[in-house]
Amino acid sequence: MKLYDGGKIIFGLIIFLGLITIPFYFNAGKAVAPPKPKLDTPVIQALAVKECVKPKEIMRAEHMRILDDWRNSVVREDDRQKIVIGGKEFTKSLQNGCLKCHSNKKDFCDKCHTYMAVNPYCWDCHFTPKENKS
Amino acid sequence: MKIIFSFFTVVLLVLLAFLGLKIANLYYLFGVIIPYAALAIFIIGFVYRVMKWASSPVPFRIPTTCGQQKSFPWIKQNKIENPSSTWGVIIRMLLEVLAFRSLFRNTKTESRDGKLSYGSDKWLWMAGLAFHWSFLVILIRHFRFFAADVPSVIHLIESLDSFLQIGVPLLYMTDIVLVAAVTFLFIRRVVIPQVNYISLIADYIPLFLILGIAISGILMRYLFKVHLVGVKNFAIGLINFNPVIPEGVGVIFYIHLFLISSLFAYFPFSKLMHAGGVFLSPTRNLANNSRMKRHVNPWDYPVKVHTYEEYEDDFREKMKNVGIPVEKE
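As you go down the protein sequences, you meet chains A and B in turn.
Taking the numbering used here, the leading residue of the first sequence gets 293, the next gets one more, and so forth.
Taking the numbering used here, the leading residue of the second sequence gets 42, the next gets one more, and so forth.
In case anyone wonders, no lab produced these hints; they're calculated from the structure.
As the structure is a computational prediction, the values presented were derived from the model and not from experiment.
Warning: the hint list may mix true and false statements.
Label-pair distances were calculated between CB atoms; the ranges are [to be verified]:
hint	chain 1	residue 1	chain 2	residue 2	range
1	B	L197	A	V324	19 to 25 Å
2	B	R146	A	N411	41 to 47 Å
3	B	V73	A	D361	35 to 41 Å
4	A	R357	B	Y159	18 to 24 Å
5	B	L197	A	D361	25 to 31 Å
6	B	H196	A	D371	30 to 36 Å
7	B	L53	A	I375	43 to 49 Å
8	A	N364	B	N283	40 to 46 Å
Some chain A residues well away from chain B (every beta-carbon gap over 10 Å; in silico) [stated by the list, open to error]:
hint	residue
9	P347
10	R368
11	G378
12	L386
13	G389
14	H394
Just so you know, even glycine gets a beta-carbon here, dropped at the ideal spot from N, CA and C.
Using the sequences and the hints given, assemble the complete structure.
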């Protein structure tokens, strides 16, 4: 097969193939295990029934929306009424609610967020909880 | 009819993935075999088409120009619209590829008071540009699923794309722009009679397919949540040629993946090849230097010529005899 301007065209093709195959060689061979958020904080271990506001699957998918709803109802509607689920009270708050049990931001929140390259803007306003370096 | 056929082709693809997973449990087929096969078809097909184009000679300069050609020094040349040098061509091509310059000149013809009138029509250019750039940003954003360490450029693009901070997960502007632009490009084909008349199934299928991909992706992000960590685990498995099918990733993810695989496999056979073709358009990528350089046709047949001098040599005596003047005595 005779090519016309073959050099330029093949050069272009190589650039194109190099660009579209970036995912294959960018982190080639770097095995990354999927993250496992830790649940072994003292508060959680002291719980008799280890239950969150919602079941695990729902929390995994919808925790950001639950937090957003809470924020809206507390900040905009001044509704600080506690949520009662199964006779247990939950404060509608990130710092005074979620983080009371999940006091390990680094081993809980950040695990998946870092893995998925998500930067939630919670910490633009909220204090990052102090953690004991272990 | 063409629209209905194209629409139901994409619906069929969605159903195929849905039923294949829900009833037949073909996770390995839809998750591993089809994506790899689609990527292979895409790469081989793309290279094949480009090489086929590269094997056609373009002996003469045929750029479509719309500016003053290089002429006397006191006449100002339009160096971009009528380039005579490689640099002019490069700038012209960059503007064409990145900003769709030729589409910017799109016009509309209308009959007004019984007279034909022409006017500028920028909508196609705007929608086309919005569509292509949003699609590129979305494609680049997806890199976060494939990289173990996500580079900061991706973070930057993502935070710019979601900087309006609407809802959670944050709304991406490109999602909205892409759907709006594709919808416009579709409605345009339906509403404008002339465009409708020349539209083929091959024009509608990419539109519906891309719309299907966008909608399934948006639904997955905002409504039918999937197990994202599982998705990334799956994507990294694929690119390391060590595929894993994680537990509990929703069906909608596989529908999204199957539609993308379909688009990739369809790409080399379709008009989507304009992605490569735009670089090889002789009406754009040639310098208009016919008046400065001689371009020889490579397939010129070696014609045997018999010049007048040779003719005279053959017949000189006979010509003299009947009194025809000759150049050489």
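request  = Please write out, lowest number first, the hints stated earlier that are contradicted by the structure.
outcome  = Those not satisfied come down to hint 4.
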